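Novice: Next come the chains, spelled out residue by residue.
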Amino acid sequence: MKLKNAEELRKLRESIKKESSKGKKLITVCSGTGCRAYGCEDLISAFKQEVEKSGLKNEVEVKATGCPGFCERGNIVVIYPEGIFYQRVKKSHVPDILKKTVVGKQLIDELLFLDEETGKKVTYEKDVPFYKKQMRLLLGANALIDPTKIEDYIALGGYSALGKVLSGMKPDEVIAEVKAAGLRGRGGAGFPTGMKWEITRKAKGDQKFVVVNADEGDPGAFMDRSLLEGNPHSILEGLMIGAYAIGASRGFVYVRNEYPLAVQNVIIATEEARKHGLLGKNILGSDFSFDIDIVRGAGAFVCGEETALMASIEGRRGVPRQRPPFPSDSGILGKPTNINNVETWANVPLIIEKGSGWYSKIGTKGSKGTKIFSLVGKINNTGLVEVPMGVTLSDIVFGIGGGIPKGKELKAIQIGGPSGGCIPKSQANVPIDYDELKKLGGMMGSGGLVVMDEDTCMVDVAKYFLEFLLEESCGKCTTCRDGIERMLEIVTRITEGKGTMEDIDTLNELAEVVRDASMCGLGQTSPNPVLSTLRYFKDEYMAHIKDKKCPGKVCKALITYTILDDKCTGCGACKQRCPQGAISGDKKKPHKIDPKKCIRCDVCYTTCKFHAIKKE
Amino acid sequence: MIKFTIDGLEVQAEEGTTILDTCRFYGIDIPTLCHDEGLTAYGGCRLCVVEIGEGPSAKLVTSCTYPATEGLKVRTHSRRVVKARRVVIELMLARCSSSKTIQDLASKYDVHKVRFKLKNENCILCGLCVRICEEQMMAGAIGFVDRGKGMKISTPFDIKSDVCRTCGACMYICPACNARCQGPNEGSATCGSCVTMTPTCLDHYDDAQCFMSETSCGTCVREDPKKKV
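Which chain is which? The protein sequence lines are A and B, in order. With positions in the first sequence counted from 1, the corresponding number in the numbering used here is that position plus 1002. With positions in the second sequence counted from 1, the corresponding number in the numbering used here is that position plus 16.
Chain B extracted, bound-state conformation:
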C-alpha cells in the first residue's frame, strides 16, 4: 500500500492507482469531464488538476493521470487549483454555453460571467467517444481530425465509416450533451438516461449529416433519410 496525504488527510492507495482514484475512494470531490473508469486516462479537460509538491517546486498535475506516490502531498482545493479550474470552466462555458453539465459546474465553482465571445459549439473535445469506440467497442470508427483550433472529432475523411456499428456508445458517454436534446424522438434514445442524443460529430441535426444516419441508428433521425428524398 502506498501512503500519502490528500488535503492533510492520510490516505492509502494500491499500487498502480491514481490520485483521482484515491480521492474518489475517500469521497473527495474532484470534477472531471474527460475521465471514465473504464477507459484509459487522457488528461485533456484539465478540470481534475490538483497541486502537489511544496514551495517553488509546487505544481499542478492532472489527478487522473498522476500515479499515487509514497509521501506525496496533494492539495485538491488550494487557491491555485480553484483558480485554474474556474478559468477552465469559463473556457468551456464560452465554448459550449448550452451544455447543462458545464453550466452546473460553473454554478458550483461560482463562475457567473464569461469574458470571451460565446461560440455555441457542441463538443469540448474530451475524447471520451474516441476512446470508448476504440477501447471498449473495438471499432476505432472515430478519431481526432486536425489539430489546434481546427481540431474536431470525425470519421476518416468525414464520410460514413465502414467499421462503425452504430452502437451509440459515443453518444452514451458524451459528457457535454446532457440535456441538450434536439432529437424528435427521445424515447428511442440509446442511452436512455438523458434527453440529448446529438453526437458531437453531428453538426446539423436537420440535415441528418451524421455518419450514422444512413443506417437505422434511430436516435436522432425520425425517418429513414432514404425515404426523405
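For reference, chain A alone in the conformation it holds in the complex:
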C-alpha cells in the first residue's frame, strides 16, 4: 500500500496499534548477531512450535527482535505486557517458560538476572541495573521491533518525523533544527552535522548524494551493526530527512559484506519502505523524490574514510584522496555528497520529532545527545550501552559494565578503536565528551570501548593496534605504510627485550611525522595507540627496555615460568598438558620446568589448580 500523505501514515499507525493491542501476550527473543551465536534461531522456532503445539496461537505472539545490547547474558527473552526479563535462555527452557510463566504466571528463578550488588534477583527488564543506568534513545526500540517489519517501526511512531518534515518544514528549517540540537558526527571526528548539511546544501550541483557510512571496522565495535540489524528504518528515515534538507535525490548505504544480517535487514527495509511509498517519487504526496541504493563493501577498514568510501561506491579501489576538494563540493561522481555515520543518521528523526530544545538538554556543553558504546574486553557485562554525553568512563565500566571479572584491577580503557588512545585508570573519571577525550590523547571514535585489566601489557596493546593498522593501511602514503611498519618494527623489538632508549626517541619522532604528514584520517591517527601508551605508560616501556621485564606478564620473550616447590603437589596435570615436554618430575614430588624447552604457552599456568606456577 502506497501512503499518499502524512495523514494516511497516521491512520496506518492507528490501525496497527489497534491490531496489536488486542491483549495478546508477546514473547520477544533477541535475534541479533551475538544471540545468533548462542543459537537464538533455534530458540525462536522452538517457541513458535511450542506455541502452536499448546494451542496458544491466538493468545501468544513470538517476535524476533533486534539486539537489546546485553550480549553477555544472551539468549535474552522478554515477556510482555509484564516485561519479565529472562537471561541465558536455552531451547530446553521453552516449554517451561510457556507453561509456567506465560500461562501459569509463575517466575522461573534460574532464568532471572541476579544483581550481584544487592544479591537479589531482578524480575522486570526495566529494573535490570545494566539497562537502568543507560539512556536508550536509539537502542531502546531495538528490543521492541521486528526489524524486518515496517509496521513495527511505524507503530512506534516511525516515519512521523519524515511526515512532519515533508508536510510543513522547509529544508533550511530542518538544517537549523539539527544545528540547534548540537548534533555532532558519531563516526569519530565529531564534525557538527548541521553545518556539514548546510555546506552540502549550498554547494553547486544539479544532483547531490547522501550516504550512510556503515563501514564499521574497529576491533571489538558493533554499535552500527546492531542499529542496522535491529532498527534499519530509523537510519533510513534519518537519511531521507537529511536528503530533503540537503536537496539530494539519491542515497547510498555503504555497509560491509561481513555484516550479512545488517545487509539483509537494510535491503528488506528499503523494499518495505518503497512498497509503502516512503521511497520513490513524490514521497507522502510531496515534491520530494528520493531513493536508496545498498552498496556492499569488501571489508577494508580504510573504506570508512570518506574519500575512500566514495571511491569504493564508484567502483574504484578504496583508496583515500587528498582533500580539498571536500566531498561536500566534489564527492561521488564529482557531485556534492554528504556522508554521515549510521548513528548520526539514527539521531535525526529523534531531533525532528522531539525538537532541538529537548535534544540539546541532553549531554554536555560541546557534545549533545547520547552515544552508543560497545563495551568489550575484561568486563563483566559485555554488550552495547547507550549513555548521555557527560557520563564518566568509570560510570560505564563500573556502573553499567559491572566492573572487571575475577576481582582484577582496571588498568586502562581503550577508546575510539585503532585511531583512539588508551586512557589510564587515573583518568577514568573523564566525562564522555568529544573535546575532553581529545585532550587526553584519546578520541570519541565510533564507540569501541575495550576495557583492559592488570594482566594487560600496554606495549603489547600498541603492537596489536599497529599490526591491525599496517594490515588496513591502503598503502598509498609513505608515512602511513612505511611509517606504521617501522613503528611496529620498533615496538616489536621492545617486546622482545631488544629495545634501547634511543628507540623511544625514534618512536616519538616517527609518530609525530606520521601524524603530521599522512593524507587521511587513518594515517593521521595511526600513531595514537603508540603516543597514548607512551604518554601514560612510559614506565612499562622502560621496564621492557631497561629491566627486560614485562609488567603485564604478556610478552613471551620476557617472562619465565617456574614451579614453586612448596605449592606443587606433584599431581602431574601440568606435565601431562605441556606440549613441549618441558616439565619433569616424579609423582607427588615437586616438578620442574626446563626453561630451554618452554615456549611460554601458558598451559601449565592455567592448568595448575594449586597456584604453584610462577610467572615473572
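Check the hints yourself; a few may be wrong.
Claimed, not checked - Label-pair ranges, simulated between beta-carbon atoms:
(1) A:Gly1368 x B:Phe41: 40 to 48 Å
(2) B:Leu25 x A:Pro1326: 18 to 26 Å
(3) B:Ser94 x A:Pro1327: 23 to 31 Å
(4) B:Phe173 x A:Lys1408: 29 to 37 Å
(5) B:Ile175 x A:Lys1206: 42 to 50 Å
(6) B:Ile175 x A:Gly1317: 20 to 28 Å
(7) A:Arg1318 x B:Ser94: 28 to 36 Å
Claimed, not checked - Far from chain B, some chain A residues (derived; all Cβ distances over 10 Å):
(8) Lys1093
(9) Val1124
(10) Leu1536
FYI, nobody ran anything at the bench for these hints, they're computed from the structure. Just so we're clear, the structure is a prediction, and the values are computed from it rather than from any experiment. Here a beta-carbon is modelled for each residue, glycine too, at the ideal position from N, C-alpha and C.
Based on the hints, put chain B in the right spot on chain A.
Specialist: Same frame as chain A, but now just chain B:
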C-alpha cells in the same frame, strides 16, 4: 590571478594550479617522487609537503595536490616541513637503499643514518607507472595489488597482461630505479637516459619473470626466453 605568499614572497598563480606548480614557476625547490606534470597528482610520496595556515591550525599539506588559494601563506622549508621530509626520506632509504635518486635526496637533506632495518626493495609505490600506463598510454595494464604492507604493483592475477603493449613507459617514468641497472644490454634501454631498466614489478631479473619478457621488450632480456629452455 590568485595572489598568495610562499616563504614570505608574494606570488601569483593561475586558477586551477597547485602550490607545487607555483613553486616550480618561481624556482622554489620542492622535492617530489610521485609527481609528474603530465599525470594526475597522487600525493603518495609525501615529500612535497609544505606548511600552511597559522598558529594551532597550521598543518602540512601535499603541495602537488593543494590548489593555489587566495591569501594562503605557504612555508616550504619550515622546521616542521624539513623534519617530515627527512623522516620520509629515511623511510624510503630504508625501503630502497640502493636507489641513487633516494640516496641523492638523503644527502641533500642531511640524512646520514637509517634507524630501521634495510629492506632492499626496488619499488617505493609512487604509482607513476600505474598512472602513465592508464592516463598516457591508455592501457591500464598494471595496477596496485593488495593493501598495506602487502601492496605491490603488478598485472591482474600476476600474469602476462593482454593489454600491455610493452611500450616501456612504466620503466621510463620510474623514479626509484635510476642508476640501478642490472640489465645486460644497456644500449637497448627504452628510456635511453639511465642505466637501469628493471621494472618495479620485476622481482628477479635472472628468471625473467617480467610480464613483458615473453615479447621482445628487449630492455632486460638478452635472449628470447623461449629459446632459453
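Novice: Output the numbers, in ascending order, of every earlier hint that fails for this structure.
Specialist: 4
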